[in-house]
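Q: Working from the sequences, and respecting the hints, build out all of it.
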Amino acid sequence: MITKFVLLLPLLLADVSQGLADPLSDLLAKGNGSACFERVYDEAHLAKNPRQLTRSALLSLKAFPESDGAVVRIRFQRRDGVLYIVGGCEWTAKANLDIEGRKLIDAFKGPSGLDCHAMTSADGNSAEEGGDFPVDLRDGAAMTVYMPESLAAWRSIARSGPADWIDFGKDDNAFRVNRTDTGSCAELADKLPWWE
0 MITKFVLLLP
10 LLLADVSQGL
20 ADPLSDLLAK
30 GNGSACFERV
40 YDEAHLAKNP
50 RQLTRSALLS
60 LKAFPESDGA
70 VVRIRFQRRD
80 GVLYIVGGCE
90 WTAKANLDIE
100 GRKLIDAFKG
110 PSGLDCHAMT
120 SADGNSAEEG
130 GDFPVDLRDG
140 AAMTVYMPES
150 LAAWRSIARS
160 GPADWIDFGK
170 DDNAFRVNRT
180 DTGSCAELAD
190 KLPWWE
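Under numbering that gives the first Met the number 0, the letters of the sequence shown match residues 0 to 195, in that order.
FYI, nobody ran anything at the bench for these hints, they're computed from the structure. Think of the CB as a built atom: it goes at the ideal place given N, C-alpha and C, for glycine as much as any other residue. Any given hint might turn out to be false.
[Unchecked claim] Simulated DEER-style distance windows between Cβ atoms: (1) Arg178 / Asn124: 25 to 35 angstroms; (2) Ala20 / Asp41: 31 to 41 angstroms; (3) Lys102 / Gly182: 34 to 44 angstroms; (4) Glu127 / Lys102: 19 to 29 angstroms; (5) Arg154 / Lys29: 13 to 23 angstroms; (6) Gly182 / Glu127: 14 to 24 angstroms.
[Claimed, not checked] For lysine-lysine, the following DSS-like pairs were computed, each having C-alpha atoms within a straight-line distance of at most 25 angstroms: (7) Lys169 / Lys47; (8) Lys61 / Lys93; (9) Lys108 / Lys93; (10) Lys102 / Lys169; (11) Lys29 / Lys61; (12) Lys61 / Lys190; (13) Lys29 / Lys93; (14) Lys29 / Lys190; (15) Lys169 / Lys93; (16) Lys108 / Lys169.
A: Structural data, given as structure tokens:
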């Protein structure tokens with residue numbers, strides 16, 4: 000009996016360690032504290048999806064030293080202009096749940112993923128929440144960002160004044176973005192501080 004336990008112990012420990020894994024921390028550690036993801040939609044995709052406003056999505060994750068999470072910065076280039084979102088993300092075993100435990104977005108596969116929150120003020124002092132959105136982060140090579148019906152965003156990188164509430168319709172509610180060089184996100188990190 001002891002021999003069986005000794006043989007099974009490494010498998011049991013592997014299962015426990017996988018349950019405790021934090022893909023966000025692993026991703027940021029491999030990228031010296033940051034990671035960049037991008038998606039540019041080609042003309043063929045946009046022709047098949049004429050109601051999609053989004054032309055490209057650029058997402059930056061940067062380690063936030065005061066927590067286990069990350070600062071998230073997103074730029075959406077859309078037919079109706081450019082949008083900038085700034086907020087925070089943390090890895091959680093049960094992402095995509097509201098305070099009552101109900102799913103925020105039905106399309107999110109989960110249950111684990113990044114639990115992200117948008118800010119409404121550039122200085123970070125507003126008590127108003129900018130909305131929640133989950134991110135499906137699996138292997139670090141790609142991830143899917145799920146947008147709610149509306150979320151706080153700015154129409155300028157200068158972020159003067161509070162964020163506007165921007166609608167994300169059913170054609171602009173999920174974006175699969177691929178890992179790219181962190182230099183692609185340098186402008187987002189430089190010009191969109193966590194707060195001023």
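Q: All hints are to be evaluated individually against the structure, with a verdict given for each.
A: Evaluation of the provided hints:
{"no.": "1", "hint": "Arg178 / Asn124: 25 to 35 angstroms", "verdict": "holds, 33 angstroms"}
{"no.": "2", "hint": "Ala20 / Asp41: 31 to 41 angstroms", "verdict": "holds, 34 angstroms"}
{"no.": "3", "hint": "Lys102 / Gly182: 34 to 44 angstroms", "verdict": "holds, 36 angstroms"}
{"no.": "4", "hint": "Glu127 / Lys102: 19 to 29 angstroms", "verdict": "holds, 23 angstroms"}
{"no.": "5", "hint": "Arg154 / Lys29: 13 to 23 angstroms", "verdict": "violated, 33 angstroms"}
{"no.": "6", "hint": "Gly182 / Glu127: 14 to 24 angstroms", "verdict": "violated, 33 angstroms"}
{"no.": "7", "hint": "Lys169 / Lys47", "verdict": "holds, 15 angstroms"}
{"no.": "8", "hint": "Lys61 / Lys93", "verdict": "holds, 22 angstroms"}
{"no.": "9", "hint": "Lys108 / Lys93", "verdict": "holds, 11 angstroms"}
{"no.": "10", "hint": "Lys102 / Lys169", "verdict": "holds, 17 angstroms"}
{"no.": "11", "hint": "Lys29 / Lys61", "verdict": "holds, 12 angstroms"}
{"no.": "12", "hint": "Lys61 / Lys190", "verdict": "holds, 13 angstroms"}
{"no.": "13", "hint": "Lys29 / Lys93", "verdict": "holds, 24 angstroms"}
{"no.": "14", "hint": "Lys29 / Lys190", "verdict": "holds, 24 angstroms"}
{"no.": "15", "hint": "Lys169 / Lys93", "verdict": "holds, 24 angstroms"}
{"no.": "16", "hint": "Lys108 / Lys169", "verdict": "holds, 17 angstroms"}
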